[in-house]
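These protein sequence lines are chains Y and V, in that order.
First residue of the first sequence: 1, per the numbering used here; consecutive thereafter.
First residue of the second sequence: 1, per the numbering used here; consecutive thereafter.
The hints are simulated quantities; they were obtained by calculation from the structure and are not laboratory data.
The C-beta atom is built at its ideal place from N, Cα and C for all residues, glycine as well.
One or more hints might be untrue.
To be verified - Simulated pairs of lysine-lysine, BS3-like, Cα-Cα distance not exceeding 30 Å: (1) K706(Y) / K292(Y); (2) K859(Y) / K8(V); (3) K771(Y) / K15(Y); (4) K38(V) / K325(Y); (5) K269(Y) / K15(Y); (6) K330(Y) / K18(V); (7) K8(V) / K69(V); (8) K269(Y) / K91(Y); (9) K330(Y) / K69(V); (10) K15(Y) / K422(Y); (11) K292(Y) / K711(Y); (12) K69(V) / K18(V).
To be verified - Computed footprint of chain V on chain Y, listed as stretches where at least three residues anywhere in the stretch have a Cβ under 8 Å from a Cβ of chain V: (13) 208-217; (14) 626-640.
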Amino acid sequence: MSLIHEIDYGTPRSKAETMVTLTIDGETMTVPEGTSIMRAAKEMGTAIPKLCATDMVEAFGSCRLCLVEIEGRAGTPASCTTPVLPGMVVKTQTDRLKRLRKGVMELYISDHPLDCLTCAANGDCELQDMAGAVGLRDVRYGHEGHNHPNPGLDESNPYFTYDPSKCIVCSRCVRACEEVQGTFALTIAGRGFDSVVSPGMEESFLGSECVSCGACVQACPTATLTEKSVIEIGQPEHSVITTCAYCGVGCTFKAEMRGNEVVRMVPWKDGKANRGHSCVKGRFAWGYASHKERILNPMIRESITDPWREVSWEEAIAHTASEFKRIQAKYGRLSIGGITSSRCTNEETFLVQKLIRGGFGNNNVDTCARVCHSPTGYGLSQTYGTSAGTQDFDSVEQSDVILLIGANPTDAHPVFGSRMKKRLREGAKLIVLDPRRIDLVRMPHVEASHHLPLRPGTNVAVLTALAHVVVTEGLADEHFVRERCDWDEFQDWAAFVADPRHSPEAISELCGVPAEDIRAAARLYAGGENGAIYYGLGVTEHSQGSTTVMAIANLAMATGNIGRPGVGVNPLRGQNNVQGACDMGSFPHEFSGYRHVSGDETRQLFESLWGVPLDSEPGLRIPNMLDAAVDGVFKGLYVQGEDILQSDPDTRHVAAGLAAMECVVVQDLFLNETANYAHVFLPGSTFLEKDGTFTNAERRIQRVRKVMPSKSGKADWEITLDLAHAMGFDMNYAHPSEIMDEIARLTPSFAGVSYAKLEAEGSVQWPCNEKAPLGTPVMHIDGFVRGRGRFMVTEYVATDERTGPRFPLLLTTGRILSQYNVGAQTRRTENVVWHGEDRLEIHPHDAEQRGVHDGQWVKLASRSGETSLRALITERVAPGVVYTTFHHPGTQANVVTTDFSDWATNCPEYKVTAVQVMPSNGPTAWQEGYDEQSRNSRRIAPLVEAAE
Amino acid sequence: MSERSSDKLVHMANQIGKFFASQGAETAPAAIAEHLRKFWDPRMRVGILAHLEAGGAGLDPLVRDAIEKLREMMAVR
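Chain V on its own, in the form it takes in the complex (with noise of 0.2 Å):
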């Protein structure tokens, strides 16, 4: 995935948080990482696990919280 690609992906993580972070940090993480399940191709979605993986620069934390998650969902399936 190129650096182009992946700073979007960033960037959309992002912007997903923002809209659940008035859910609250307990609740807010679940719905991010479902509504990447829900909307994200797997590829996207294995960019923005290994962007984590990779030390996940400028992924806000609830975002960060939520691809955690994520990997344990994808981890389940």
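Looking at chain Y on its own, in the form it has when it is part of the complex (with noise of 0.2 Å):
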């Protein structure tokens, strides 16, 4: 293993057809049209100095250490901002560049604090080896510069530091934090030697806008931008290349490593979801790894009142096996079942989902997808014939009008926020459907055209209200809707949605939204040459979710926005795997690839194969499990990598359920809020720690590469093989590229897929086959899978949860940038900086009726339950809505939601709840028992070695 330097082309790649050949230092050069001089050298082999210039931002021309001599031009050209031209004639090096360039570095250097020995960029430093590649001996002009007495050295962000004495004035990190991020949170304060970066107004990094994407310390040519974990440990010796475990992005990064001690992690450039950027959580919320509260050894106890009693791996796995076949005795064969992982690889979810059908011999299997996207998958499925988005996410390059419906992209899928803020700065245009102003309705250089405030609950009668409006202002796109689709069924859904009972006129009183502002957005979308839907857990999460996805589905089938690059109907995932969890069979009716347990054929394949018979009938979906365990007849669960008890709606009935079991097994990173109602405990292993594959939101499988060995020993795949053959079920692999192998034996959209390929292609998007052997980037060019487009007629019908004088506010609840999920990780890195806690966000109209001061604790009470938090009077909710995040078990906002749920999928609807607001003292008494019976929870007796 070795460090892996990535090429540094100096400016970006064109993606000009035309090509153009020029002659650099005698040889000749063919290069796309646009390419830079600079860029076209580097093609070639020849690396012309430079100092401000990168290949992740655009040009600037400002070191002026680049030029090079063109024949029959005067003057010396800087390459990176001078395109190449056919017959160009180019020199790199000539005595006169050599002398031009030596006396910028003097300059250069005269003003730089000359302590390399311990600077922290000591061996990647571009200006220190920019002193070589000229040959600096000597410097004229002294060296004591002017910036030398460090004006202040900022070490606010928990993550880099900025130290200004060290600072080129570049403004690379000005224009990454522009151009890749699209935050706009630094420029150059001051004029001259005074020249400075400045965040915000001259605040400091923490301080000011800044979201520590990481982009501005990557782009750094120096040491003026720094992670702390470089300056504590030193610079890496090797790097691995690794997928991100936090969103469904699923960034490629390089993990740099020090031994087996994680340096940094950077985005790779080559990474096709991130194309190179990052940000706050995977750049640098890594530390949870290796945090003080990681559970490193197995444990069990007798009863939940118990303290944990730490144990051998044998032990604690021959204890699960025999509580397991116990309960199974007494009880019956469909008494227990299990929860995959979204935050597993996909072998280890394949395994648990193998070991429950053959092991446990039910279909009681389940993931979290249940509970944020199990209505794409359904309404997906129904319309087009695939449980997943169309696109990649390049296509965004290509959108003109982009649908943005519940979804928060800038906070909840950082890095492809960005992606889509690129396109909208270049001139695409943006709807926003949601509840609350989100960032992207107006931040700097981004407006939405159009953002429809609707009330919670009325996702469907607004869709069908544009739907109205582009069948009955003749916006449909007819060709394609009589080429790819039932015309039949067409013809149906145009007459239900052209009832004039679903005209935006009609709706609007009900949704709250002015009909014009409706009529406009539909003829936005359905005007733009390519309009593409993108959409979040405010689609999925109500009790109409599957209902939304369908109409969601019909919109881009009558507008004809499917089957092309820029175009589509895109779910974004929430969690690093939730497609993958899907796609390997997590669900209790299907197999992987999304096939009916009741179908004969595939039912054989896989008995066959797994040498056992297998259940025909569906299995209990996760509120399921519950409610079977408060009815007494469901009492064994195997949870691997998820916190139900956190996440799951209306917490009492979880825990109820839970406690009813007999044998609860939590296998994760830490004791969560879940394993206070366990009866065994297996430690998990980090991302870090193990082989395998994520597959992201577009498809996209991806390598995980172990780059240090499991802290417990054991990767997630052995511990689950391990309890299968306890269980008495045959399952053998050497190593997660074999589960590979047998997933793409059994699964005909990864009929294509190994290591060997995913290592020569870095990565490919299902379906990967003999039709598709290098993967499919966009789905349904030449028809749907399921043959052709199917209209359903999507009628609105209201939530049962309703307002009224008790409970007259509508909760909606989501995440923050800096925290993910419920926490577990998060919570145990410093991004608790920018988020310490949840906070009630509420209109200041509401806050005055109740008198509700900002900061305050507030009682947030519905009919499930009450919990206490502070509140956030802000303007960013709209009157009658309040907001909040799940990411703190202290808040246990799930407390206050409903086990009211999508009407397909039992999807819960987190999005509506009816609730009240009102002053409180602090924590309700049920946050101070839950606290108690949680540290009580947590004792633990160390371990008895066998020899005392």
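Hints given; two lone chains; assemble the complex.
Given below as structure tokens:
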């Protein structure tokens, strides 16, 4: 292993198709039109000295180091800002150029501290490299430069420092913040020698609008912006390419290592999902892997009121198998089940569902997609024939109109959010359907053309009204529909949406959006060349979540926005491998590849390979498991990498279900909230400690590579394997690649996937098979997977969760940039400086009516329960709507949410809960009781050595 | 099956019924029944059948028809 040095071509790649031939240093070179001379030279193998140029941002031309001579032209133009032309003859190294470059470097070095030996960038400093490259041997102006007295180190950001004395004012950080991240948090303040990088209005980094994506640090050629981990540990000595374990974007990173210690995570330029960018979580928030609260030994206990007892792996596995067998003997085959993890790899997820189907002998397997995107799977399979989004992330670069529904990409999918913002800055139009005024509604250089702040729970009504405008104003793409969809079904649907009761004017009062705004939004979406729909959990987590997905699919078909780059229906998946968990057969009714368990041919295929008979009936979904537990018939649960007590709705009901079970097994990194009700704890491994694959929101299968040994001694797939053996179910794999080989044998959409192919291609998007050996970036190009696209009638049905005098406000929940899901990982990092507690966003009008002040404790009560948290008064939410996150167990926001759910999939209705808010003095009695229970539940008796 | 679970099944079945209602009284019951067959585990299906047997309080008419069809489908299997 060695440190992977990515080639920096100095300027971005040109996407032009016309080629240009020129001569550089006597060599003939052909490159795309628009390529800079600097890049053309680098592609040829010649590195022109540079400082202000890097290929992650556009050329700037300020450092004057990259000068070249061009035959027939006067002067010495900068090679970074000069594009190639046909027949151009360029010289990159002449006596004149050498003199000029040396002179430039003398000026830089005269104003730079020469503390190279103790500098954190020693060995990774471009200024140092360039001094060597130009042969700098002397500085005629002395070394007592203006900047040497340190004007002040900014260490406010928890992850990186800013040392202005080392700044060469190349503006790479400023441009990265603008062009790559799109936050515009940085500028150059002052003039001449006083020029300095300034976050915000000369604020500290932490106090500015900086989002800590790390792009500036990555762009910095010196030690001006440096990771604190590099300052503390030193330069890395080897690196491994792997995939981030946070959100569904699936960013590729170089884990830069020194021995088994991670020095830093650097986004990899060739990563096809992130294209070299990152966010604060993936880039910096990996410290949880070595957090002191990691549990590294297996533990068991007789009762959930006992302290935990550390035991050997052998004892923990034998005890678990014995308990599961005992329960099945006593209560029947269907009395146990399990939950696969969207944070674990495809291979691990596949093994858990295999263990349950083959080893437990039933289909009681589910996954956390149940509570997020299960309606996506159902809705898109009904309309298009496949349970996934239609595009790759690159597609957004060709979108002209973006319709964003119930998603907040700049917080929840930040790297894709940055790519979306870039396209919007280039001129694409944006329509936002969201009860909250998310950042994308209006932020620097981005403003939505239309924001429809609809009342929570009215998605279907608004989407049908948009369709009404499309159909009644003749905006439908009849040619596309006739060619690609079922024409009769389209006509039925068109007649339905055209009914005057679906007009914007008719539904305006219901949804709270002016009719003219709905009409304008529909015209903009349907009238654009390429209209793309992106959506999130604000679509799916409703009692009509599946209906909403179908309404979205209808709208895209009716306007012909399917089957080419720039368009499509794109669910933004929440967790890193939620797409993969669904693909791998984690749902109780289907095998991998979305094939129903009742299909004899499919089932026999699995039976013959696994050597056991399989159940042809669907199993229990997570909420059904909990109901069955409360009813006394479901008694044992194996939970891999999910915290249902904190993440699932109606916490009290979840707790009652878990408490009613006789053996709950939690396999996780930490003693999470679910573990309060567990009898066995099996310590899991982080993504840094194992091999496997994740599949991101664009169906991209990417390698996860082990960068350090497992701290607990076993990767998660090995634990499942041991448990299977103990249960008497034969599974044998020496490496996760063998599991992938089995997945490929059993799953048509994965038939062409192997670790060898992933090594060769970097990643592939399913379907990857004989028809598409290199995968499928855009789906439904020549026809829908199901044949003809199917229009579905989407009648609006109001949720049964109603506001009234007792509960007059509507609560909606979501996540924030710095935290992730239940916070188990991010709460154990420095990210808590941005979000140390859940807050309740409330409109000033609603706050004033209740006498609530900013920062004050308030009680949040619903029909399900109540909790307390501090208020944040903001106009981001509309009057009548309140919002909070669910990252902190102290808040337990899901005590308040109800068990209403999507009609088709049981996905909970997190986004609509009728609540009341009132001032309070602090945590509720329930919160205090829960806190005490949690502390008692986490008592651990130390491991007793066998020799003692 | 507890009263809470039984009430929940009725609520869920009626929700499913409301979606398929747009397909009309002729085809909706079969579509609802097929949805129950594909997505509800056997215990839940037995529970809703037992509820219908006990009078079917709270079930919408289309859903009643669908559960009758479900009974026939399960008998065939």
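Starting from the hint list further up, note which numbers the structure goes against and sort them upward. 6, 9, 13
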